[in-house]
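2 protein chains.
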Amino acid sequence: MSQPAKRVVLVSRPVGEPKASDFRIEEYAPPTPGEGQVLLRTIWLSLDPYMRGRMSDGPSYATPVPIGGVMEGGTVSEVIASNNPGFDKGDIVLSRAGWQTHALLDGKALTKIDPKLGPVSTAVGVLGMPGMTAYTGLLDIGKPQAGETVVVAAASGAVGSAVGQIARIKGARAVGIAGGKDKCDYVKKELGFDDCLDHRDPNLAAKLKDACPKGIDVYFENVGGAVFEAVFPLLNPFARVPVCGLIAHYNDTEAKAPKWASSLMRAVLTKRLTIRGFIVSDFAARHADFLRDMSQWVREGKVRHREFVTEGLENAPAAFMGLLKGANFGKQLVRIGPDRA
Amino acid sequence: MSQPAKRVVLVSRPVGEPKASDFRIEEYAPPTPGEGQVLLRTIWLSLDPYMRGRMSDGPSYATPVPIGGVMEGGTVSEVIASNNPGFDKGDIVLSRAGWQTHALLDGKALTKIDPKLGPVSTAVGVLGMPGMTAYTGLLDIGKPQAGETVVVAAASGAVGSAVGQIARIKGARAVGIAGGKDKCDYVKKELGFDDCLDHRDPNLAAKLKDACPKGIDVYFENVGGAVFEAVFPLLNPFARVPVCGLIAHYNDTEAKAPKWASSLMRAVLTKRLTIRGFIVSDFAARHADFLRDMSQWVREGKVRHREFVTEGLENAPAAFMGLLKGANFGKQLVRIGPDRA
Chain V
1 MSQPAKRVVL VSRPVGEPKA SDFRIEEYAP PTPGEGQVLL RTIWLSLDPY MRGRMSDGPS
61 YATPVPIGGV MEGGTVSEVI ASNNPGFDKG DIVLSRAGWQ THALLDGKAL TKIDPKLGPV
121 STAVGVLGMP GMTAYTGLLD IGKPQAGETV VVAAASGAVG SAVGQIARIK GARAVGIAGG
181 KDKCDYVKKE LGFDDCLDHR DPNLAAKLKD ACPKGIDVYF ENVGGAVFEA VFPLLNPFAR
241 VPVCGLIAHY NDTEAKAPKW ASSLMRAVLT KRLTIRGFIV SDFAARHADF LRDMSQWVRE
301 GKVRHREFVT EGLENAPAAF MGLLKGANFG KQLVRIGPDR A
Chain D
1 MSQPAKRVVL VSRPVGEPKA SDFRIEEYAP PTPGEGQVLL RTIWLSLDPY MRGRMSDGPS
61 YATPVPIGGV MEGGTVSEVI ASNNPGFDKG DIVLSRAGWQ THALLDGKAL TKIDPKLGPV
121 STAVGVLGMP GMTAYTGLLD IGKPQAGETV VVAAASGAVG SAVGQIARIK GARAVGIAGG
181 KDKCDYVKKE LGFDDCLDHR DPNLAAKLKD ACPKGIDVYF ENVGGAVFEA VFPLLNPFAR
241 VPVCGLIAHY NDTEAKAPKW ASSLMRAVLT KRLTIRGFIV SDFAARHADF LRDMSQWVRE
301 GKVRHREFVT EGLENAPAAF MGLLKGANFG KQLVRIGPDR A
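Residue numbers (full-length UniProt numbering), protein chains in the order written: chain V, 1 to 341; chain D, 1 to 341.
Chain V on its own, in the form it takes in the complex (with noise of 0.2 Å):
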C-alpha cells in the first residue's frame, strides 16, 4: 500500500454543535486478513444527520461510537484482500466500515454492489438508507392518498427529496421546506415538488399555510424546531406524523420546551393525529419492495438525486459539522478514494 491507512476517532463527546477537536485523524497500518476476512479499502463515505446521535451517549436506538473509537457511518468499499471465499478482490460492496480508508471485516456484514445498476454511489443514496428511509417512513407510516398533502423539510436533502417525489409519484401534493432560494429552486424545478418554502423566512407559518390550502396530511418530519411549529396547526384531522430525524435539535445542550409542546398531546388526541418514530432498519422486510420501486423510478426519472461531495478523509468532520447546519446540498458524501485503485 503506497499511503499509510487512516481513520478519523472520536475524541469527545460534543456538548452543543460538534467541532473539530471533538475528532482526531490517526494513521494507522493496515491490517492483514485472517481466516473468513476481507480487507476493504473505502470509495465513497456517507455522512448522515444520524450520526450526530452516535456521538453522545444519551439514551438512544443504537449504542454510542466509544471514546477514541473510529466514527461510524456507512461507506461503498472495494474488497483489495480476501481470506472469505464469498467475496473477491475487485469486488465492490456496501459495509459499514466507518470513517477510515481502510477496514477489515468478516464477510456477514457485506452486500456486494453491482456497478452495472448505476453508479455505486447510489448504494449510500437514492438506492440505499436515505432512499429508504424515505420509502418506509412515507408509505408505511405516512401512507400519503391521491390529493392530500405532504410536507417534508430538509427538502434538497437525501431524505426529504425522495418523500417529496414519491408523495408525487402516489398522487399528493408535496410542499418542501429548504434552506435558501437555491435551494428552493432546485426542489420546485428540478425535483417537482409543488412548492418549496424557504426556513429562513421569517413569514414561514403564514407561507405554509399559503402553500398548503387544504391543510397537511402528512408531515415528514426530519428537522424538528421551527419547522413543527409551522407545520403542528397545519395538521389535519387523522394526519401522519412519521418521526425519522430531528436535526435542527441534535445540538440542543438543554430542554427548550417549545411553544407547541403544552399543546401537543390536546392535539394529538382532537385531531387524532399519529405520530409515530421509526429507523430504516424497522423495516428491513420492504428492502426488496424498495429497490424494485426505487430503482425503477430513478431509471424513469421520476426521482431525481443530487450528490454533494467532499473531497478526502480529512474533511469529513468539516463536511459533517456542515451537514447539521445545511451546508450541504444533495446527499452528502466525502470521497474517500477513486473507484477503481
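If you are wondering where the hints come from, they were derived from the structure by calculation, not from laboratory data. Being a predicted model, the structure only gives us computed values, none of them experimental. Be aware that a few hints might be false.
A pair holds if it fits inside one copy or across any two, identical chains being indistinguishable in the list.
As a list, the in silico DSS-like pairs of lysine-lysine whose alpha-carbon atoms are at most 27 Å apart [what the hints assert, rightly or not]: (1) K271 x K325; (2) K189 x K143; (3) K143 x K271; (4) K89 x K112; (5) K170 x K302; (6) K181 x K214.
Model the placement of chain D on the given structure of chain V, informed by the hints.
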C-alpha cells in the same frame, strides 16, 4: 305524563372547571311525535369525560353544544310513543338523547337493546362506548403482546378497568393507576390487575418504576398530567400510546408546558414510539367483534365492571363535575327514570 319533562342546558362555556352556574335545569312540555318520530323516556344517562370538550368551542373532533342547547350524552331510554314502524312502545333503546328526561328522535340514531342480555345500563358501559374505547384502543393501537406491560390510569373507571382486564386476557402485565387506596384495592383484588398505584402518592414515579420492572410497552393515555410524566421515562422502545383522553388537562386554561414536553419528540425518535389519538367511532367496523368478545368475557367473569349511580337529572351537573375530579368509583351513570314506567 304525570311529571313535567326536564332538561339540562348549557348556559355558559366554562373557563377551567365547570361550575353549577354553567348549567341550567329547565322544565318543558314533552313533545308529541310527528310522522316517523319516536318519543323516548330516559332511564339511564351516561356521563363521560369527553363531554367537557363539548362545552368548549375550541378545535375538536366534534362540534360543541350551543349555548342554550341541551347537554349531549348517551342514554338508555324507553320508547313511550312511536310513529315509526321500526319501534314499538316499550322498546328499550340506546340513543344520544342527551341530559333530559324525554327526547323526540327519528329512528335513525336508535339501537334496540335486548334486556335479556343483562342489565340495560351496560349498553352505555362495559358493552357500550367506554368498553369499546378500551377494546379498540388497546387491541388495535396498543397491540399488547404476552409478557408485555400495559399501564392505564383511571383504572377503576369505565374505560381503564376494561383496558387492564383485556390486557390480562392477552397475557400482558396490567398496572393501573387510580385515586386512593379503596380504588387501588378494587383494581388489584376485584379486577385482577397485577398492580395498582395511587396517583396522589408523591413517589408515584419511583413506585411505577418498581411496578414495571421491564418498562412499559403500552400506555393507554386517558388522563395526561402527572401520570404521563411518570410513565414517559419508562416507555420501552417501540412502545405504543393510544390517546383517548386527557382528563387532567380538560380544565386547563393556559398552555403550561409540562416538563416532559421538550423531550417528547426526541423520545418518539430514539425509542421509536407510536402515539396515536383516536375516538371510538374511528373503529366502527370493529363493533361486532367488540360485542362478541366483550359480552363473552363479561359472561365468563373475565371482565368485571362497576357502576356508580347518581340519582336524578338535577344532580347530573354535580356528578359530571365530580367525574372530572375522579369522585366516581366505576362507570358514572345518572338514574333519570325507572327501568319500567
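Evaluated hints:
For the identical chains of this complex, K271 and K325 are inter-copy neighbours only, at 24 Å across copies versus 32 Å inside a copy, given an alpha-carbon limit of 27 Å. Only within a single protomer do K189 and K143 lie at most 27 Å apart by alpha-carbon distance; the minimum there is 25 Å, versus 44 Å between protomers. In this assembly of identical chains, K143 and K271 lie within 27 Å of each other by CA distance both inside one copy and across copies; the values are 17 Å within and 21 Å between. In this assembly of identical chains, the alpha carbons of K89 and K112 lie at most 27 Å apart only when taken from the same copy (12 Å versus 77 Å across copies).
Taking identical chains as interchangeable, the C-alpha atoms of K170 and K302 lie at most 27 Å apart only when both belong to the same chain, with a minimum of 11 Å there against 46 Å between chains. Proximity of K181 and K214 under a CA criterion of 27 Å is satisfied intra-copy only: 25 Å inside one chain copy versus 50 Å between copies.
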